[in-house]
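J.: Chain by chain, the residues:
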Amino acid sequence: MLNIDIRSKKYSEKNILQNIQFSLKEGTFLSIIGPSGCGKTTLLKLISSLDIDFEGSINMDAKSIGMMFQEPRLLPWLTVRENIAVVKKIAAPEAIKELLRMVGLEHTLDMYPKNLSGGMARRVSLVRAFINRPKLILLDEPFVSLDKPTSLALQNDLMLFCKSFNPAVILVTHDLDEAIALSQKILFLGGEVTEEVMTHVNDHNGFETLEPSQVQMIKENLLSLYPNILEGKL
Amino acid sequence: MNNLLYLRIGSVFFLIALWHLTAFFADSPLFPAPLSVLRSLIEHISSGELLHHLGITLYRVAMIFLIAMPIGIAFGLLMGNFKKIDAALDTLLVLGLNMPALVVIMLCYIWFGLNDVAAILAVVINKVPMVIVNIREGVKAIDTKLLEVACIYKVSRYRLLFTFYIPQLYPYIIASARNGLSLIWKIVLVVELLGRSDGIGFQLSMFFQFFDITSILAYSFSFIVIIIFIENFIFRPIEVRIAKWR
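Residue numbers (my numbering), protein chains in the order written: chain Y, 1 to 234; chain B, 235 to 480.
Since the hints were made in silico from the structure, they are not lab data.
Just to be clear, a hint being listed does not mean it is correct.
[To be verified] The list that follows gives simulated cross-link-like pairs (lysine-lysine, DSSO-like), each with its CA atoms no further than 30 Å apart:
1) LYS88(Y) / LYS135(Y)
2) LYS10(Y) / LYS318(B)
3) LYS10(Y) / LYS388(B)
4) LYS163(Y) / LYS317(B)
5) LYS63(Y) / LYS317(B)
6) LYS89(Y) / LYS379(B)
7) LYS478(B) / LYS45(Y)
8) LYS185(Y) / LYS379(B)
9) LYS317(B) / LYS14(Y)
10) LYS318(B) / LYS89(Y)
11) LYS317(B) / LYS89(Y)
12) LYS14(Y) / LYS318(B)
For reference, chain Y alone in the conformation it holds in the complex (with noise of 0.2 Å):
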């Protein structure tokens, strides 16, 4: 589904990235952890061609991709229904509906982001996500500056949706319980020395999450086997 072989990608001749290979599947979720500055970022905007300049190549069957934001990044000027209508592309006018059904917002079709809160906005832009049932969904720290039960919330909402529709997720995050909780596969990306390790973490098939009791369990195992890629980077 996608493949990734990042040889390098600089910014004014500083390396950020350096050898990244992985590759994914559709009903995967993998996430990308480190510290703030380490590329997790970057990385995401390669794979999603919003920058195009690095060494390597990039190569994904997904006609289509959703990705959700640090920030619900919705048009103040129109309306939920046409916040997601405008990114639209398959015509099936009753999906903008279902969806949002789905995460409890129908209600909401005709009103701005301006009278939405916080939690209700970034539903709204899962539903953005997902409107084209696309076959790679990215998340760039999407749960980042809410509290814990809407990030909760929101955590299943995401995980109802890749349920329905089997995408391959990469999620980007700096919170090692939140990855290990949702994903299948982690990949660690360290700071100025770049170290990628794959680790599968849950064997599920499908999208599962995690109960906080199996997730610490895994997290002490986890610290131990890789004491230094985590060694006061998170």
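Mind docking chain B on chain Y? Use the hints.
T.: Structure of chain B alone, referenced to chain Y:
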């Protein structure tokens, strides 16, 4: 809201009363009372001459507005988005901004003759640089994060421009349209006074020569009515429509 309306109307009545009193005590044909100005206004309208000249001036203002705004917006977009174009045209822009209107008018009349083309061109040249500056500022305030959204979802160029880009510039476009109209009004009168034989500016210069203050004020009022009309029935509704999401 209602209180504000009372204040608005009250202040107008107060000004008229003050004017009336001043005229009463001045007791001079050089300071006519409100009623005589109104009488003069009605006379000028019923003779058909005021509407004729007002129509001509309005036509010129509309032409200038419709020519200057698109040119200004287009160059504002170009200069805001492309550093090279900005660097190439910036000096010319500063020149345009600081060139006295009077000089531009004189040069246009001398080079192109005392005709409508020269008159309209002169005001367009005065107006365009201000629109450019406004729109260029607007482009600097564009939220590129929203444009990234458009990129990722591969929206068409048409949608990128008209759904993601231009709406962010609406406040700047409206502002320059507003400032623009009042500037155009003012300069058009000077242009007419200097080199045309019709239009409100020309009429005013005639009245000036005869010290006919009453007619000067009557003509000015016909003007103010038009401006209030444009503000309330064109600009405000557009603004309300555009700003309903705020």
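J.: Next step is simple, just say for each hint if it's right about the structure.
T.: Against the structure, the hints come out as follows:
no.	hint	result
1	LYS88(Y) / LYS135(Y)	holds, 15 Å
2	LYS10(Y) / LYS318(B)	holds, 25 Å
3	LYS10(Y) / LYS388(B)	holds, 25 Å
4	LYS163(Y) / LYS317(B)	violated, 47 Å
5	LYS63(Y) / LYS317(B)	violated, 34 Å
6	LYS89(Y) / LYS379(B)	holds, 21 Å
7	LYS478(B) / LYS45(Y)	violated, 33 Å
8	LYS185(Y) / LYS379(B)	holds, 29 Å
9	LYS317(B) / LYS14(Y)	holds, 25 Å
10	LYS318(B) / LYS89(Y)	violated, 36 Å
11	LYS317(B) / LYS89(Y)	violated, 34 Å
12	LYS14(Y) / LYS318(B)	holds, 27 Å
Comparing the model with each numbered hint stated earlier shows that hints 4, 5, 7, 10, 11 do not hold.
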